[in-house]
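Enquirer: So the chains spell out like this:
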Amino acid sequence: MKFAFFPGCVSRGACPELYTSTVKISEILGIELDEKALESASCTGAGVLQEKNQLLGDTLNARNIALAEKQNLPILTICSTCQGVMSQAEYRLEDKKYRAEINETLAEEGLEYTGKTPTRHLLWIIVEEIGEKKFKSLVKRQLEGLRLAPFYGCYLVRPSKALKFYEKPERETCLEDLTEWVGATVVDFPGKTACCGFPIVTINEKASLKMVGNHTSTAKDLGAAAMVTPCPLCHLNLDQYQDRAAWMMEREIDLPIIHVPQLVGLALGLDPEELKINKHVISTKKLLSEISLQP
Amino acid sequence: MPVISDLASDFKPFWDKFNAVDPYMKPEGEVPDGEYLAPNDDMVHLVGVMNCIMCGACVSDCTVLEVKGNFLGPAALAKSYRFIADPRDGSQFERLQDLEKDGGIWDCTRCMQCVEVCPKDVDPMERIMAIRSKSIENKIDKNYGARHAKSFTDLIKSNGILNEVLLILRTKGLFNIIELVKLLPIAIGAQLAGKRPPFLSHSSKNKDEIKKIFKKLEDKE
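Chains as they are written, first to last, in this note's numbering: chain A, 281 to 575; chain B, 16 to 236.
Hint data in this document are derived by calculation from the structure and do not stem from the laboratory. The model shown is predicted, which means the values in this text are computed figures rather than measured ones. Certain hints may be false.
Computed list of lysine-lysine pairs in PhoX-like fashion (alpha-carbon distance at most 20 Å, straight line) [to be verified]:
#1 A:376 with A:444
#2 B:220 with A:490
#3 A:316 with B:135
#4 A:282 with A:376
#5 A:316 with B:220
#6 B:41 with A:486
#7 A:486 with B:197
#8 B:220 with A:486
#9 A:350 with B:222
#10 A:490 with B:197
#11 B:135 with A:441
Residues from chain A that keep clear of chain B, each with C-beta distances beyond 10 Å, as calculated [as the list claims (entries may be wrong)]:
#12 308
#13 312
#14 319
#15 322
#16 329
#17 389
#18 410
#19 415
#20 487
#21 490
#22 501
#23 503
#24 530
#25 556
#26 559
#27 560
We put the beta carbon where it would ideally sit given N, CA and C, even for glycine.
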């Protein structure tokens, strides 16, 4: 399985551990990541650029996808936000008139968007492409007894029309499924599909911190040893701002927030340091000792 | 919204917020002899938002309202857009100024919950984004939300890929010492964990093509 790798801005910025762990697990899962195919790509706009100009945002995403299409490769993302924004662009580009308008701009660079191969998140590829049977055969370390709270990130759950939930209903529960495949126990909680607060952290920090505090404390109180997320932006807010949220709530939370590839890597038998699981603000030491892996 | 009993919730907060955006036409100039006329295309554009049946589903499920009671919420903001985008209304600028304040458009997290639950495809979040866009167009942009959107766009335009450090600095303001000091503990925590984003971020290999697209489309919409 070969993909045009779209690492997103954050995995090359504030979350380098996501990039490293993705590369490590891909080797074992038989996923070939072509990094050159999208060297000329741009940021997806993360929904922020689209606030100002949706046509511009959709054109940039169509260009990114067209660059991969030129190499006959589908795109693999590792960020809920990148994935959601690209899925939304793909959904709007199903309109032939709109697609023609955008392709007119892309033609100036010798590119064309066809939409033949939809962009997919690594989590979806593991669940849909590799599947339970093959994945379980690769698991070397059962994470039995580990209680994990899932946290999807808005862009991987809404709008369900653009994310094609009606065609791929397994996407609604893919994070819980993967958690079970690695032998861990799912700690279900109402905030798992809610907003982490990241988009307003620089605008309205107090409201953002309340979201962080509510989600992490609820999961903690339900017995979660960690939270797992396919979104690096959720990770950043829930990890880096958790202490401040705990201080605001006048309580202790101390809930590690791990990336999906780190969870998969642990199950595949990789060393925690290889997955850079120590590179988090909220310490993962206790979590690793729970699964008998000293940091 | 507060639950009164099974299948009945208290709509008072919904209507209070709805009324707070002056949900009626405020025409200006001389009163015409007949009706106030509007171009057909403008009204077709507003059909979607006028489909709102005020069921309150978006307000009940809004993730911001869970943590911030004074947020006007998706239904009221969508209704406000209905008048902001109506060419017959004469108070667009005043409406935009009101919505810039705390509790207004910049509190939305773009979580799309309102889009998902709306039974009439009103797409409240897109209306909030459209108000943001109009607000920036009208230079009502001396707030963190507008500065964030503008800085984000400028950084993608110049580099293709986001520079997270510059985004924060430009949003908060390079000389906004108090706000920057407040961020210091977060920055130190990230530094200690080895997660501080680089000052010089990666950039796209073909920035010129990205700039060309910006040049062509920046002023469209």
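Enquirer: Test the statement that residue 560 of chain A is away from the interface with chain B: the closest C-beta pair must be farther apart than 10 Å.
Expert: Violated, since 6 Å does not exceed 10 Å.
Enquirer: Are the Cα positions of residue 350 of chain A and residue 222 of chain B separated by 20 Å at most?
Expert: 18 Å, holds
Enquirer: For residue 487 of chain A, is the shortest CB-to-CB distance to chain B above 10 Å, so the non-interface label stands?
Expert: Non-interface label on residue 487 of chain A violated, nearest chain B Cβ at 4 Å vs cutoff 10 Å.
Enquirer: So residue 308 of chain A supposedly isn't at the interface. Is its beta-carbon more than 10 Å from every beta-carbon in chain B?
Expert: The assertion about residue 308 of chain A holds, with a minimum of 24 Å to chain B.
Enquirer: Is the straight-line distance between the alpha-carbon of residue 316 of chain A and that of residue 220 of chain B 20 Å or less?
Expert: 10 Å, holds
Enquirer: Hinted pair, alpha-carbon criterion (20 Å max): residue 220 of chain B, residue 490 of chain A. Please report holds or violated.
Expert: 39 Å, violated
Enquirer: Check the non-interface label on residue 322 of chain A: least C-beta distance to chain B beyond 10 Å or not.
Expert: 4 Å, violated
Enquirer: Verify this label for me: residue 312 of chain A is non-interface relative to chain B, using a Cβ-Cβ cutoff of 10 Å.
Expert: Its Cβ never comes within 10 Å of chain B, the nearest being 20 Å, so this holds.
Enquirer: Holds or violated: residue 316 of chain A and residue 135 of chain B, Cα atoms, limit 20 Å.
Expert: It is violated: about 43 Å lies between the C-alpha atoms, which goes past 20 Å.
Enquirer: Between residue 376 of chain A and residue 444 of chain A, does the CA-CA distance stay at or below 20 Å?
Expert: Between residue 376 of chain A and residue 444 of chain A the Cα gap is close to 18 Å, so the pair holds against 20 Å.
Enquirer: Per the stated criterion, does the least C-beta distance between residue 503 of chain A and chain B lie above 10 Å, as a non-interface residue requires?
Expert: Nearest chain B Cβ is 23 Å from residue 503 of chain A, so the label holds.
Enquirer: Please confirm whether residue 501 of chain A is truly not at the interface, meaning its C-beta sits more than 10 Å away from all C-beta atoms of chain B.
Expert: 17 Å, holds
Hint check: violations occur at hints 2, 3, 4, 6, 8, 14, 15, 16, 17, 20, 21, 25, 26 and 27; the rest are consistent with the structure.
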